[in-house]
Amino acid sequence: MNTVRYLTILGSTGSIGDSTLDVVARHPDRFKVVALTANNNVEKMLQQCQRFCPRYAVMLDASSATKLSQALRTAGLDTEVLSGIESFETVASLSEVDIVMAAIVGAAGIRPTFAAAQSGKLVLLANKETLVMAGRIFMNLIEQHGATLMPIDSEHNAIYQSLPHQFNGNLSIGGVSHILLTASGGPFRQAPLASLEQVTPAQACAHPNWDMGRKISVDSATMMNKGLEVIEAHWLFNAAPEQIQVVIHPQSVIHSMVQYIDGSVIAQLGNPDMRTPIAHAMGYPDRIDSGVAPLNMFEVAHLDFERPDFERFPCLRLAYEALAVGGSMPTILNAANEIAVESFLNEKIPFTAIPLMIEHVMQAISHEEITTLDDVLKADNLARTEAYEWLANLK
251 MNTVRYLTIL
261 GSTGSIGDST
271 LDVVARHPDR
281 FKVVALTANN
291 NVEKMLQQCQ
301 RFCPRYAVML
311 DASSATKLSQ
321 ALRTAGLDTE
331 VLSGIESFET
341 VASLSEVDIV
351 MAAIVGAAGI
361 RPTFAAAQSG
371 KLVLLANKET
381 LVMAGRIFMN
391 LIEQHGATLM
401 PIDSEHNAIY
411 QSLPHQFNGN
421 LSIGGVSHIL
431 LTASGGPFRQ
441 APLASLEQVT
451 PAQACAHPNW
461 DMGRKISVDS
471 ATMMNKGLEV
481 IEAHWLFNAA
491 PEQIQVVIHP
501 QSVIHSMVQY
511 IDGSVIAQLG
521 NPDMRTPIAH
531 AMGYPDRIDS
541 GVAPLNMFEV
551 AHLDFERPDF
561 ERFPCLRLAY
571 EALAVGGSMP
581 TILNAANEIA
591 VESFLNEKIP
601 FTAIPLMIEH
611 VMQAISHEEI
621 TTLDDVLKAD
631 NLARTEAYEW
641 LANLK
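Number 645 marks the last residue of the sequence shown (the numbering used here); no jumps.
Take the hints with a grain of salt, since some may be wrong.
To be verified - Subject to a maximum C-alpha distance of 20 Å in a straight line, what follows is the list of computed EDC-like cross-link-like pairs (lysine to aspartate or glutamate):
hint	residue 1	residue 2
1	Lys-317	Glu-393
2	Lys-294	Asp-272
3	Lys-282	Asp-328
4	Lys-628	Glu-336
5	Lys-294	Asp-279
6	Lys-317	Asp-272
7	Lys-465	Asp-328
8	Lys-598	Glu-639
9	Lys-465	Glu-609
10	Lys-294	Asp-311
11	Lys-628	Glu-618
12	Lys-465	Asp-523
13	Lys-317	Glu-293
14	Lys-294	Asp-328
15	Lys-282	Asp-539
16	Lys-282	Asp-536
17	Lys-598	Glu-609
18	Lys-282	Asp-272
19	Lys-465	Glu-592
20	Lys-282	Asp-348
21	Lys-465	Glu-447
Since the hints were derived computationally from the structure, they do not count as laboratory data.
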């Protein structure tokens, strides 16, 4: 008989949260939701509370928490409503919680994800920024507090599945030569370079294979998403930058690969659906139903691979450069990218200005060594301030 595992979902109203709850609903004998968190989507949080009856619902926005509390009382539910980032940290570290799904997009997800690690939880990491901005600190926390880390990004989860069994963090002992991170290339992989300046937010968010939020969709279009994943892979798998190779694979069927010194390449394949890596991590070491349709190789028919072009995807180059510099530079890169994408989505800058803003901020701010979370947040704040100043001077 399966033991029930208790779950907090950080970012339950986003796409990863939706997929996680779908997996939970398929296995009511295995998983019980203790806490759900969101920013300000009251309507969706109410629906989730009605279906999963968590003990806690946490809204980052205080006014949204008040509205949710009133709606829950009207619905006759006794879920306790909390608000603020401190409450996110509280529900990430509850003693009764076994698993924390860290799915808050952006730097806002770092503190509660740290809280989960410090509480020795099984951390299912879908928040890129935790490793991009504070990789060394976070990995140390995982080790110091006996927490377990499972990657949820489809690419990193695929690598995890393709590495030697019980991988101990040493690629050479495992016989690994390279990690091959696959990328779809986004919607503009073959678009004329001259046309990119006219790209609209709607076009950038129209990913050819994956259903993702707007920010992540833009990151995929610029391939900053893949650049951040390169930095993540460095920390997750103790891989040197030169051991991490990006491979454009338009079909998004191979989610990533591991190349071994004996010439073998082991890959993880599947339909592009985030429920697969989520179910893998939640059920590990068991395999559980994810609700994803089996991959039909005859429909796939062929698989294509291309080398990424840094002229077309300068954000990928900037990510490699930030990783090479180290220290606070990946934090600076990430913060500048968040402001650049926000500015593009709000139609304040053209698509082609996203890497220009990022590169300016990286050149304007000197990198520092990172030893504490305060160091990370300071670098993040400096980069955001510089990015907004660049935006103001653009006019």
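(message) Which constraints among the numbered hints does this structure fail? Numbers only, ascending.
(response) Result: hints 1, 5, 6 and 7 break, sorted rising.
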